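Work out the full structure, taking the sequences as your base and the hints as a guide.
Going down the list, the protein sequences come from chains A and B. Each residue of the first sequence is one higher than the one before, starting from 1 at the first, in the UniProt record's numbering. Each residue of the second sequence is one higher than the one before, starting from 1 at the first, in the UniProt record's numbering.
Check before you lean on any hint, since a few could be wrong.
[Stated by the list, open to error] Simulated DEER-style distance windows between Cβ atoms: (1) PRO131/A / VAL210/B: 24 to 34 Å; (2) SER144/A / GLU50/B: 52 to 62 Å; (3) ARG220/B / PRO193/A: 21 to 31 Å; (4) SER144/A / SER118/B: 40 to 50 Å; (5) LEU41/B / SER144/A: 49 to 59 Å; (6) ASP171/B / PRO193/A: 22 to 32 Å; (7) ASP60/A / SER118/B: 45 to 55 Å.
Treat the hints as calculated values from the structure; they're not laboratory data. Since this is a predicted model, take the numbers as computed values, not measurements. Cβ coordinates follow ideal geometry from the N, Cα and C atoms, glycine included.
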Amino acid sequence: MAQVIEKKGSLWVSTGVIRNSKLYCHIEEIGYLAQIGALVLFDEGDNVMGLKDIFTKCADRQYGCSWESFEAYRHLKSLGYIVGRQGQPWSLKHNKINPNSDSTVDTDLIAGRIEELQIGAANLIFDIHQPNSKFKKTDPGNPSFIICLVGDRPPSRKEVEDLEKKCKSVPLKFCHVSHDNVSFFSFPKVSLPVLP
Amino acid sequence: MELSGPRWKGKNFAQIANSNPMSEIIAQLQVCLSNSESAALPIGTDFLLETVPELTKLLNRTSFGRQLTTSYDSKQYFQLSPEETFYLHHFLKCLKVSIDNAKLIDVNDLWNFMRNRSELFPIYYRAYVHLRSKNWIVKLGTKNGVDYVVYRHHPALVHSEYAVVVDWENDKGEKQSERLRVWSDLHCAVRACNGVAKAVLLLNVMGYEVNFSLPELLERTIVDERQITRWVPSQCRDDCKLEGNKGEHH
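So, in structure tokens, the structure goes:
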């Protein structure tokens, strides 16, 4: 995760998370903005990080992101959707972080889900809000739907049901990324009526 | 895709359908078929039924089987699928069946006969019962690349709303079929069906075991209904509920 030192423009209304009144970006946000030339990333030595290094980090799976989830992020973000990491608050106030705790805990809280995205498993990755210029990180409301990234195989009925339970009543969409294609499917329960 | 309701093929067709509930026409068919001496005979993988005009009319009105056109007037011939034959014989209890053109066969022997010919018969029959018992008209969906297409009433009155794919799993929720194994299977089903304004209905026969008897099949399996929809984010950005689009190309 990187801290945003200088920001310009309204895109920050719906990009990056606020922790302790500071603005941070996840690697997929960095990758997307860097690719469109809207962000410059510096490493600890104050050197500019090139796109190759940034893309590599996106694909690394160590930062809660994979190349596939990055592609999904990029696809939705470029269409104007508001994309946040699943289950992560957009904004956390100062008093929710213990100032005396050790720095690893703080990093966890700031960076959010650091566990690796498992290859092949179904992972809930993003909370999506419809494009909305009035979006507020301090009061985002419920997401319009949740994106689940799936590997090679479409999910079975049981997998769909188990994941729906985790999402509570938020609609779930399944995303599959392959080469140049990002597709989304959903499997809503229906009830065929009994006809007269 | 979000369908805006059934697409009737003509003005007033909805009223015609309303005035002629399918369940009533089926009840008439049951009476007529029970009184008929005609028995269905195996023909290829299907069954042949010789009929007379009154029965012909009712089979056509309830959309069972395919009438074979002939130059004869007094008798007509219908070709019934295995599911249709078994449904009329077992569920509606009105069709006589004979395997060797002599003795009539009973339901247990017919069940074994069907199972020997196709190990998937029980699964498809379970799905067929699920749909027909809700009074939907069920036809084979081969032309649409799916198992069945279902109609709210007679196909002459209304377009079919759903293309049905049948899947099945055991009682641990483990998928047992090779259907929808890879993503292109999903793309295929959705693209083919959205192109003809049908939603894809996925029926999952849950709790299926290969050794089930006929009563066990009906009592111990549940049919789960889900729609398969493709969402195209570039086509829907204003909080609308459209999922996928008729004829969309991506």
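Exercise for review: Look at the Cβ atoms of ARG220/B and PRO193/A and judge whether their distance stays inside 21 to 31 Å.
Suggested key: With a Cβ separation near 25 Å, ARG220/B and PRO193/A satisfy 21 to 31 Å, so the hint holds.
Check your understanding: Is 52 to 62 Å right for how far apart the beta carbons of SER144/A and GLU50/B are?
Key -> 58 Å, holds
Review point. Does 24 to 34 Å hold as the CB distance between PRO131/A and VAL210/B, or does it fail?
Key: 50 Å, violated
Practice item. Take the C-beta atom of ASP60/A and the C-beta atom of SER118/B, compute their distance, and say whether it sits inside 45 to 55 Å. Key: 50 Å, holds
**Study point:** Assessment of proposed distance window 22 to 32 Å (beta carbons of ASP171/B, PRO193/A)
**Key:** For ASP171/B and PRO193/A the Cβ distance comes to about 27 Å; the hint holds.
Exercise for review: Take the C-beta atom of LEU41/B and the C-beta atom of SER144/A, compute their distance, and say whether it sits inside 49 to 59 Å.
Suggested key: Since the Cβ atoms of LEU41/B and SER144/A sit about 57 Å apart, the hinted range of 49 to 59 Å holds.
Point to revise | Range hint compliance [Cβ, SER144/A to SER118/B, 40 to 50 Å] | key: 44 Å, holds
When the structure is compared with the earlier hints, a violation turns up for hint 1 alone.
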